[in-house]
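Chains A and B, in that order, give the protein sequences.
Under the working numbering, the very last position in the first sequence is 371; numbers go up by exactly one each time.
Under the working numbering, the very last position in the second sequence is 126; numbers go up by exactly one each time.
The hints are simulated quantities; they were obtained by calculation from the structure and are not laboratory data.
Worth double-checking, as some hints may not be accurate.
To be verified - PhoX-like, lysine-lysine: derived pairs with alpha carbons at most 25 Å apart:
#	chain 1	residue 1	chain 2	residue 2
1	A	Lys336	A	Lys359
2	B	Lys64	A	Lys253
3	A	Lys336	A	Lys163
4	B	Lys52	A	Lys263
5	B	Lys126	A	Lys216
6	B	Lys126	A	Lys299
7	A	Lys359	A	Lys344
8	A	Lys163	B	Lys64
9	A	Lys253	A	Lys359
10	A	Lys299	A	Lys263
Each chain is listed here by its residues.
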Amino acid sequence: MKYIDQYRRRFLGTASAAFTGLSIAPGILLQTVHAKAVDEAVTSQYRWGLLIDTNLCDPGCTDCVEACHQENGIREIHGPETDAQWIRKVTLKHKKTEHILNMPVMCQHCAEPPCVDVCPTGASFKRADGIVLVDKHICIGCRYCMMACPYKARSFIHEKLSDQLPHAPRGKGTVEACTLCVHRIDRGENTTACTQACPNGAMTFGDLKDPQSQISKKLAEHGGRELRAKLKLDTGVRYQGISS
Amino acid sequence: MRFASFLFLLWVIPLHAGELTGPDRDANGNIVPTPKGEACVEPAEVMRREHMNLLLHKRDQTMYDGIRTKRASLNECIDCHVTPDANGKTARADDETFFCSSCHIAASVSIDCFDCHGDRPLDMIKNSGLQK
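With the sequences and hints as input, model every part of the structure.
Below, the structure written as structure tokens:
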């Protein structure tokens, strides 16, 4: 409960900090770059995100999906209808131009996540650095979040599992989704399994708050759109080449 | 009839006596598998009383704050206390020879940690061919 209260307080804290910042140094932006120590808590200094260039994504390739499953110990049980899916390949065809889009879709790590809004227990939460996760210790498996997610990003575990990987606990009766390879981020690695696996370099991982990061530079140069942008969820995952 | 039960006890006691002592048993006959490391993060008396509080505290720190230090981490407990036997196999979470279950079964306190957490070290999972 302590942590859930903290989460609520953090919102008020950020609001007041914004006002203080305005009065002390108008027009001056302080940028400190320093990697998180292992025993340090994550802060809102970072906002982790992904940029996906759909023009570089191969139609038949599922390397990112396989790498994700390998990384997080997701194994086939009863087939695609009920198995967990942290990333899936989506193919869309534009009605007028007949342009075919290929892209991987995973949890979009929204700044305003609907899954967090609807969760009755507080299990669905957003970390200070923008990663949306499920605290499976308090998840009751009601699946409200699965209904609320506009990206169909979450999966429910129906079967008893065994041999879960140490960094990726998963279990029957709880909901799960892409963690943005949070265990790697906490180790200080600047990549995810899917990003690393993409043979075409279609995915870029990085800190959206750091103007010098590769992802921010690419976004500044070519832009990047949110899926279902009208919902104004301010997603951490952005796409290029989806406007045709 | 009394003689028959005496004979029965004579037969039963030596049969099970070996199970109540031995290298993996403590003075009360509970199974305590040999750990890999030299010393635990706290003395045994503290761990017996406080392990659940240490784990709960660490659980929230890891989950919400991304603090993945080794002390009081369940993964470290598993790495040290779940060790392979002569055949290279480890006890599984439901077995009474499994480190946590050896006490929890005796105390009749059920735990559901291993519904979600793996019950053996990463090396063992890799050796089983389930993971590259």
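Quick rundown of the hints versus the structure:
1. A:Lys336 to A:Lys359: holds (18 Å)
2. B:Lys64 to A:Lys253: holds (24 Å)
3. A:Lys336 to A:Lys163: holds (15 Å)
4. B:Lys52 to A:Lys263: holds (15 Å)
5. B:Lys126 to A:Lys216: Status holds; Cα separation ~23 Å.
6. B:Lys126 to A:Lys299: Holds - the C-alpha atoms of lysine 299 of chain A and lysine 126 of chain B are around 23 Å apart, at most 25 Å.
7. A:Lys359 to A:Lys344: holds (22 Å)
8. A:Lys163 to B:Lys64: holds (16 Å)
9. A:Lys253 to A:Lys359: Roughly 16 Å separates the two Cα atoms, so the pair holds.
10. A:Lys299 to A:Lys263: Distance of about 10 Å is within 25 Å: holds.
Consistency note: the structure conflicts with none of the earlier hints.
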